[in-house]
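Residue strings, one per chain:
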Amino acid sequence: MTAAGPLPVTVVGGYLGAGKTTLVNSLLRQANGRRLAIMVNEFGALPIDASLVEAADERIVSLVGGCVCCSYGEDLVSSLAMLEALAPRPDHVLLEASGVAFPGAIAGTVGLLQGFALDGAVVLADAETVRGRAHDRYLGSTVRRQLDQADLILLNKCDLAGDADEVEAWLGEAAPDARLLRTTRAEAPIDIVLGAWTGRAAPPAAGGPFDHTQGYAAAALDPPEGAEPEALARILADAAHGLLRAKGFMRRPGGGMAAIQTVGSRWTVTDAPADAPAGLICIGLEARTDFAALRRAVLDC
Amino acid sequence: MTATIYPAARIITMNPARPHATHVAVREGRILGAGTLEELAGWGDYRLDGRFADKVLMPGLVEGHSHVMEGSLWAYVYCGFFDRMDPEGRVWAGLKSIDAVVERLAEAAGALEDPAAPLAGWSLDAIYYGGRRVNRHDLDRVSEERAVGVLNASGHILNVNTRALELAGLLRTGVNHPGIPLGADGLPTGEMKGPDAMAPLGVHTGFDRDLLACDEPGLRRFARLCVRTGVTTAADLANLLPEDAVEMMLRVTGEPDYPARIVSLRRFYGLTPEELIDRALELRGRSRDRLRLGIIKVVADGSIQGFSARLRWPGYYNGAPEGLWYVPPEHLLEIYERALAAGLRVHTHTNGDEATDLALDCMESALRKHPAPDHRFTLQHCQLADAAQFRRIRALGLCVNLFPNHHFYWGDQHYAVTVGPERAERMNACATALREGVPLAIHSDAPVTPLGPLFTAWCAVNRRTASGRTLGEHERIGTADALRTITLGAAYTLGLDGEVGSIETGKRADFAVLEDDPETVGGERLKDVRVWGTVQGGRIFRAADLGT
Numbered sequence: 001m002t003a004a005g006p007l008p009v010t011v012v013g014g015y016l017g018a019g020k021t022t023l024v025n026s027l028l029r030q031a032n033g034r035r036l037a038i039m040v041n042e043f044g045a046l047p048i049d050a051s052l053v054e055a056a057d058e059r060i061v062s063l064v065g066g067c068v069c070c071s072y073g074e075d076l077v078s079s080l081a082m083l084e085a086l087a088p089r090p091d092h093v094l095l096e097a098s099g100v101a102f103p104g105a106i107a108g109t110v111g112l113l114q115g116f117a118l119d120g121a122v123v124l125a126d127a128e129t130v131r132g133r134a135h136d137r138y139l140g141s142t143v144r145r146q147l148d149q150a151d152l153i154l155l156n157k158c159d160l161a162g163d164a165d166e167v168e169a170w171l172g173e174a175a176p177d178a179r180l181l182r183t184t185r186a187e188a189p190i191d192i193v194l195g196a197w198t199g200r201a202a203p204p205a206a207g208g209p210f211d212h213t214q215g216y217a218a219a220a221l222d223p224p225e226g227a228e229p230e231a232l233a234r235i236l237a238d239a240a241h242g243l244l245r246a247k248g249f250m251r252r253p254g255g256g257m258a259a260i261q262t263v264g265s266r267w268t269v270t271d272a273p274a275d276a277p278a279g280l281i282c283i284g285l286e287a288r289t290d291f292a293a294l295r296r297a298v299l300d301c
Numbered sequence: 302m303t304a305t306i307y308p309a310a311r312i313i314t315m316n317p318a319r320p321h322a323t324h325v326a327v328r329e330g331r332i333l334g335a336g337t338l339e340e341l342a343g344w345g346d347y348r349l350d351g352r353f354a355d356k357v358l359m360p361g362l363v364e365g366h367s368h369v370m371e372g373s374l375w376a377y378v379y380c381g382f383f384d385r386m387d388p389e390g391r392v393w394a395g396l397k398s399i400d401a402v403v404e405r406l407a408e409a410a411g412a413l414e415d416p417a418a419p420l421a422g423w424s425l426d427a428i429y430y431g432g433r434r435v436n437r438h439d440l441d442r443v444s445e446e447r448a449v450g451v452l453n454a455s456g457h458i459l460n461v462n463t464r465a466l467e468l469a470g471l472l473r474t475g476v477n478h479p480g481i482p483l484g485a486d487g488l489p490t491g492e493m494k495g496p497d498a499m500a501p502l503g504v505h506t507g508f509d510r511d512l513l514a515c516d517e518p519g520l521r522r523f524a525r526l527c528v529r530t531g532v533t534t535a536a537d538l539a540n541l542l543p544e545d546a547v548e549m550m551l552r553v554t555g556e557p558d559y560p561a562r563i564v565s566l567r568r569f570y571g572l573t574p575e576e577l578i579d580r581a582l583e584l585r586g587r588s589r590d591r592l593r594l595g596i597i598k599v600v601a602d603g604s605i606q607g608f609s610a611r612l613r614w615p616g617y618y619n620g621a622p623e624g625l626w627y628v629p630p631e632h633l634l635e636i637y638e639r640a641l642a643a644g645l646r647v648h649t650h651t652n653g654d655e656a657t658d659l660a661l662d663c664m665e666s667a668l669r670k671h672p673a674p675d676h677r678f679t680l681q682h683c684q685l686a687d688a689a690q691f692r693r694i695r696a697l698g699l700c701v702n703l704f705p706n707h708h709f710y711w712g713d714q715h716y717a718v719t720v721g722p723e724r725a726e727r728m729n730a731c732a733t734a735l736r737e738g739v740p741l742a743i744h745s746d747a748p749v750t751p752l753g754p755l756f757t758a759w760c761a762v763n764r765r766t767a768s769g770r771t772l773g774e775h776e777r778i779g780t781a782d783a784l785r786t787i788t789l790g791a792a793y794t795l796g797l798d799g800e801v802g803s804i805e806t807g808k809r810a811d812f813a814v815l816e817d818d819p820e821t822v823g824g825e826r827l828k829d830v831r832v833w834g835t836v837q838g839g840r841i842f843r844a845a846d847l848g849t
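Line order of the protein sequences matches chains A and B. Counting in the numbering used here, the first sequence tops out at residue 301, every number present. Counting in the numbering used here, the second sequence tops out at residue 849, every number present.
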């Protein structure tokens with residue numbers, strides 16, 4: 001066993017009613033062995049389905065499958081530290097921001113903390129109301145900044161909106177750096193929303209767990225010998241290829257293993273254990289991702 | 302039962318029917334009447350107490366927006382630019398240079414036994430040190446072994462030393478955060494700007510607890526400051542009021558010698574609007590004379606000097622981006638509707654004029670659904686409201702509690718940087734509020750600025766900045782209006798004007814006991830009026846006799 005690395009934290013943002021709580025519940029149902037720690041801010045009542053709750057004490061609620069939920073209240077830093085100290089330690093923290101908070105600001109704080117690694121900022125947008133909210137006199141700038149700070153936007157309630165294509169096109173301009181995923185009832189694959197595949201669950205097999213009727217595609221890539229991990233990560237995060245997520249390990253030209261992770265345009269390269277298996281998994285939307293072009297770009301790297 | 306009749310050099314009653322009196326009669330902690338000895342003798346048995354014969358009595362002053370946290374902060378080292386009196390009556394000299402700040406902190410560090418204990422200071426105001434920023438090397442001169450952290454006066458910046466950065470794992474290159482400036486060496490300078498950057502350092506520098514949570518020594522220290530400033534009723538404006546704090550506050554304020562009445566508002570946080578209403582109703586039922594509960598506080602936006610207040614077009618003078626909402630509009634509206642339906646009061650923090658607009662829109666909509674005479678909802682700070690907003694405030698029956706202390710402490714910065722000259726001159730428009738008939742209070746927001754209603758009155762009367770500029774001549778108010786505002790005016794916003802705020806038959810025997818007459822010293826000298834102490838519920842508290 002290698003020592004546990006930094007605890008990954010995914011920030012979930014979006015205005016009231018966009019589906020943050022629905023997403024959290026959906027991810028809990030997909031946890032499949034991952035120990036997720038949910039942090040909520042907005043309300044005293046924890047917004048977790050009763051069927052998922054096993055036990056509750058003052059600070060923390062135990063959920064099925066080894067997951068936990070707590071309210072971070074006024075003190076994000078000490079609440080994160082409490083989660084980090086739990087035994088067994090959670091595999092991944094899901095930090096639900098309040099409806100008017102900026103996910104980028106929270107992500108900035110997480111990025112400063114020892115022992116934690118920012119996984120990304122996922123922002124939900126209600127397909128029916130997001131454009132109206134983005135032009136609201138009071139809320140407009142807040143909603144637009146929330147979207148602009150996303151690595152991944154889940155365009156939710158697409159079943160209710162008649163003009164989802166128009167909304168998607170508009171989001172492409174409002175948040176040019178974010179990758180977008182359409183959802184209904186905030187149902188999104190956990191492997192896309194959370195990039196932590198090194199935990200207890202196996203990484204998704206290429207083309208494996210993804211329901212092609214929903215339009216996702218995954219591919220395995222072999223990192224080219226002699227490539228710099230940072231250069232490769234930049235390619236994987238390049239908007240031209242439209243990947244939602246990429247993760248894996250590769251050998252550095254100078255020796256040693258590096259871990260690569262991308263979510264949308266955000267990429268990180270960190271040191272990895274010497275025994276980490278070389279290989280990359282990439283996930284994107286079937287209609288948006290040109291895996292052949294991606295392979296060529298990677299080979300040229 | 303025997304009454305006590307106090308002759309005084311002069312009694313300012315705030316009762317327009319008899320604005321001045323020579324004697325006041327007190328029985329059972331309440332006022333029998335104010336008038337001549339002959340008039341008061343008609344109440345029956347009395348004892349004449351001459352101790353205030355050479356003093357001036359005013360209604361006990363009412364601070365409509367402060368935080369009991371002012372008492373808690375005095376556990377840390379005061380590092381402010383201006384002189385400030387602590388709860389024990391010691392005046393700490395303002396620190397006029399960074400060297401002086403370092404010297405005071407080093408002295409405090411020297412007195413600590415544990416070499417690893419952090420040292421925390423507060424109220425640093427770096428803007429007064431000629432543009433030179435305080436950095437970690439300055440604070441390394443305090444100590445290299447222990448973590449040192451100093452909170453800025455605005456509460457929006459934390460300055461730390463190298464050891465603190467080391468403990469937080471931030472003494473490294475590659476830190477990329479808008480709130481963390483880097484030095485030429487690529488390392489953080491030690492200035493942590495904004496709550497997001499401050500958060501990782503708090504635990505290492507001694508600011509690890511929720512400072513707005515009330516602690517027992519702080520609650521006691523706060524009351525001593527009240528006595529020293531003539532305050533008999535003070536609002537504690539943003540408490541989360543967890544159950545253990547409520548029990549402690551009920552116990553401490555219920556002690557026979559606790560000298561002040563605390564009105565503690567429950568801030569909207571961690572509960573749904575529906576739960577908030579239930580909790581406020583429950584708290585209201587547990588009120589005692591010296592601990593009033595049940596009012597709700599909602600924070601709508603941030604602060605002007607922190608550039609987090611929500612401003613209408615054209616925004617900040619220096620081009621800073623629009624500020625932050627701290628409550629979603631839907632929640633504000635829901636709280637207003639539920640509170641009006643339940644007969645509860647809500648005080649809303651709105652610093653920027655856009656936040657004020659939002660509160661007014663929500664209020665208009667909620668009142669249409671739940672018409673409520675005498676709701677007494679109050680806008681707190683409301684610093685940038687213009688005349689049209691004050692007319693709307695009046696039409697909707699709201700009160701305002703304005704913040705004239707800002708002119709003195711940050712008026713020059715508001716003029717030059719935050720909102721620019723024109724809006725700086727109409728900030729905290731007390732004269733407009735009175736002219737438009739809006740019920741008015743004024744406040745210190747202690748610990749943001751020092752507790753002291755007579756100083757706040759001076760700020761409203763003179764609108765003088767620290768550099769001596771008069772910021773908006775046309776918004777100055779007269780001394781009589783200012784004195785009424787720090788007594789009856791503030792009491793009205795708290796729903797206590799029938800009990801306190803004037804010296805009249807039947808009201809609580811709450812007096813500010815003064816050595817000078819605020820009506821005759823002249824508006825220029827209001828802040829210099831000396832306070833002997835207070836009478837609270839008929840109990841006498843002399844500042845010089847306060848135990849520690």
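A hint or two may mislead.
[Said to hold, decoys possible] Rough simulated footprint, nothing fancy, chain B against chain A, three-plus residues with beta-carbon under 8 Å:
#1 103-111
#2 166-180
#3 264-270
[Claimed, not checked] Quick partial rundown of chain B residues pointing at chain A, CB under 8 Å, derived from the structure:
#4 Gly470
#5 Leu472
#6 His478
#7 Pro482
#8 Leu483
#9 Gly484
#10 Gly503
#11 Val504
#12 Gly507
#13 Gly571
#14 Glu623
#15 Tyr627
#16 Val628
#17 Pro629
#18 Glu631
It is worth saying that the hints were derived from the structure and are not from the lab. Note that the structure is predicted; figures quoted are calculated from it, not measured. Every residue gets a Cβ at the ideal spot worked out from N, C-alpha and C, and that includes glycine.
Worksheet item: Taking the closest Cβ pair, is Tyr627 of chain B under 8 Å from chain A?
Response: holds, 7 Å
Item to complete: Go through the hint on Glu631 of chain B and say holds or violated, using the shortest Cβ distance to chain A against 8 Å.
Response: The hint holds - Glu631 of chain B has a Cβ within 8 Å of chain A, the shortest such distance being about 6 Å.
Practice prompt. Report holds or violated for the interface hint on Val504 of chain B, using the least CB-CB distance to chain A and a cut-off of 8 Å.
Written response: Because about 6 Å separates Val504 of chain B from the closest Cβ in chain A, which is inside the 8 Å limit, the hint holds.
Worksheet entry | Per-residue hint verdict: Glu623 of chain B, partner chain A, C-beta under 8 Å | At about 5 Å, which falls below the 8 Å cut-off, the nearest Cβ of chain A leaves the hint on Glu623 of chain B intact, so it holds.
Fill in: Within 8 Å of chain B (C-beta), three or more residues of the stretch 264-270 of chain A
Contact hint for the stretch 264-270 of chain A vs chain B: violated, 0 residues under 8 Å.
Discussion item. Taking 8 Å as the Cβ threshold, is the statement that the stretch 103-111 of chain A is covered by chain B upheld or broken by the three-residue rule?
Written reply: holds (count 5)
Fill in: Proposed interface contact between Leu472 of chain B and chain A, which counts if any beta carbon pair is under 8 Å
violated, 11 Å
Fill in: Closest C-beta approach of Val628 of chain B to chain A relative to 8 Å, hint status
Hint on Val628 of chain B: holds, closest Cβ of chain A at ~7 Å, below 8 Å.
Worksheet item: Should the interface hint for Pro482 of chain B be scored as holding, given a Cβ-Cβ cut-off of 8 Å against chain A?
Response: violated, 14 Å
Worksheet item: Is the shortest C-beta separation between His478 of chain B and chain A less than 8 Å?
Response: holds, 5 Å
Worksheet entry | Minimum beta-carbon distance criterion (8 Å), Gly470 of chain B to chain A | This interface hint holds because 4 Å falls under the 8 Å limit.
Worksheet item: Going by Cβ atoms only, is Pro629 of chain B closer than 8 Å to chain A?
Response: holds, 5 Å
Checked against the numbered hints given earlier, the structure breaks hints 2, 3, 5, 7, 8, 9, 12 and satisfies all the rest.
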